[in-house]
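Using the hints provided, position chain B with the ligands relative to the given structure of chain F.
Single-letter residue listing:
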Amino acid sequence: MISAGELKKSLVVSLWFAFLTFPIMVVRVDPVESTVLWRWHNMVYVIVGSFFLSIIFRYLLHRRDIQTSRKESGQSNPDQTLIHRWLSNTRSRTIIFVSLLAVALAFPHMPYLSSTYQVNIMTTALMYVVLGLGLNIVVGLAGLLDLGYVAFYAVGAYTYALLNYHFGLGFWVVLPIGGILAALFGIILGFPVLRLRGDYLAIVTLGFGEIIRLVLENWGDFSQGPSGISNISRPGFFGIDLTLDQAIIYIYYLMVLFVVVTIFFVNRLQDSRLGRAWIALREDEIACQAMGIDKMKTKLAAFSLGAFWAGIIGVVFAAKTTFINPASFTFLESAIILSIVVLGGMGSIIGVIFGALVLILLPEYLRALAEYRMLAFGAVLVLMMVFRPQGLIGSIRRVYTYTPTKKGTTS
Amino acid sequence: MNGRILEVVGLTMDFGGIRALNNVDLDVKQGEIVALIGPNGAGKTTFFNCITGLYRPTKGDIFLYRQGSSRASLKGMKPNRVTEVGLARTFQNIRLFPQMTVLENVMIGRHCRTSSTIFGALVRNTSTRMEEDSIIESSHRMLVKIGLTQYENEIAKNLPYGAQRRLEIARALATEPELLLLDEPAAGMNPQETSELVNLIQSIAAEGQSILLIEHDMKLVMNLSERIFVMDYGKKIAEGTPEQIRNNPTVIKAYLGEEVDA
Ligand SMILES: Nc1ncnc2c1ncn2[C@@H]1O[C@H](COP(=O)(O)OP(=O)(O)OP(=O)(O)O)[C@@H](O)[C@H]1O
Ligand SMILES: [Mg+2]
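Line order of the protein sequences matches chains F and B.
Quick note: the first sequence, position 374, residue 374 per our numbering, numbers continuous.
Quick note: the second sequence, position 80, residue 80 per our numbering, numbers continuous.
Hint data in this document are derived by calculation from the structure and do not stem from the laboratory.
Possibly wrong hints are sitting among the right ones.
[What the hints assert, rightly or not] Derived pair list, reagent style DSS-like, types lysine-lysine, alpha-carbon separation capped at 25 Å:
(1) B/K75 with B/K59
(2) F/K297 with B/K75
(3) F/K295 with B/K253
(4) F/K297 with B/K78
(5) B/K157 with F/K295
In isolation and in its complexed conformation, chain F is listed as follows (with noise of 0.2 Å):
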């Protein structure tokens, strides 16, 4: 299985690791006592560490490419793994969604499980669900890869900071105006954008998306600068003040329904006329023109919804952080984001709810390694998109059959 081919090159790998991480693993500089210490075990640490692990890795390719190869010969259909053929059956799938809701809302309730620290992940993680079905629209379905999509959710957040600030604006209020006012941006900045393909429109939006940040730094008589805006009000209850704790989870319920209304509207739009038009448009842009699709108007639909959601979510942020300043705003959350659809699994509503979950909530719960954290969040990242490259759920579509109506006669 594994020849001695490959034994040498795990041997050429390992070494080339003890070489590179000799600085760092092997030498240390005492600087009190100006002494250099010389940890040779760790050498022997890394050169057995990594032929293990470069084999193991080897051994799992081998095995990939065997199942894909068994795949085109036709042996398997390919994608029927068990949770796929869950997911395709329309009533246990409501089954899935409904116990995941089922145990979104006893969370908070949950014994031992749950305290304000956990509600407060959990919050976080379900805001990066609806922006991960946000930017789906716009990556998984229309295939546009934008990577300026912290720009609109800076948009909703920062509508929220100043029209409260200034007007005393509530959330409720602000709430669809956050929405709309990213949407209207998503058109504006489509507009000159869209007219790119592939690459160039991913760093053309990654250029938007980084102008935004830093107006919104610079321009200090408008936004208070990198010093951002605080107090913030936190999302009224009927009138009632709620202490921090009440409303930490009441942010949460809120989060909760906002994740079902977005996975209702997402699908029904996935589902349409226009979320055929995506697909189309992804798949085969001339094509797509050929067949009388408006790419313009396509684009600016699936870039302004996309927009819409990350503006709504914007809201959200200000109003649970109840402050924010230029920096929650960076390149790396859209990098986030878009790990998240393409983790889960473009194009795919579950496959971005588990991405979100995991991309989320593993960072959070691996903080017992330390600053390996970031290291092993990595790994997991690069071995996911080796042996499942359409991520952890590929795309399940509805099916459309045609059924013969009463009248109509069967063929």
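For chain B with the ligands alone, coordinates are given in the frame of chain F:
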């Protein structure tokens, strides 16, 4: 009945220094099958790309005469508008939506004949639901007509080659075109698939569909078409009935040679 449906006047297309089309005139009459032939690189596909709005011609004009309405100039229209007005095409190298099912591919063709909006998608009101049903039903009927029902729920990229070519035709027909443009529909097909294709094209034409097709298979061209246009190096070098083209010395010299007798 026998009025013109397409009229192309002095079409010229330059790519930098290359003149890919040079002052080409062409017309198609209502209900006719017309062929456009010529050696490789003659500019046939470029001609299609120009009249469907994919390329913007350097000079010349394109008119479509629709039943019961005045002529429309297609020059400068975006490709999707051209399709809406009534020209639908297939591609020389197949361009299906590979991850969509066969039925969905045809449903995309119905896009420009339907009108539900984002609002309809979200609310799913009665008219939207009825429109969706009618899209599915008419797409299904199209598959029956083209003979692809056995693949209805297959992913398009898994279809055999000949079926993919037929699916492209089905998808184009779903847009209800005044004129159907086929770019080498028989390319890469085996003799059996080709003869099925000939039957298919004849049955479509029998319903009154006007067709303009590019093809290298001379037997197919001579069998099917009522008139033939011949291009070489971007110029139209001949036009006429199959009989006239077969015996035209310029055509024989430029291109057909031994092939025409085959
Ligand atoms: N986008 C383009 N840019 C530059 N040159 C082009 C472009 N498209 C076509 N051409 C050139 O125009 C000429 C005609 O090409 P075209 O594809 O129209 O030929 P064709 O008659 O369809 O040939 P074939 O029978 O091989 O399909 C060729 O010389 C080609 O290189
Ligand atoms: Mg060609």
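Unmet hints by their number, sorted upward, for this structure | 3
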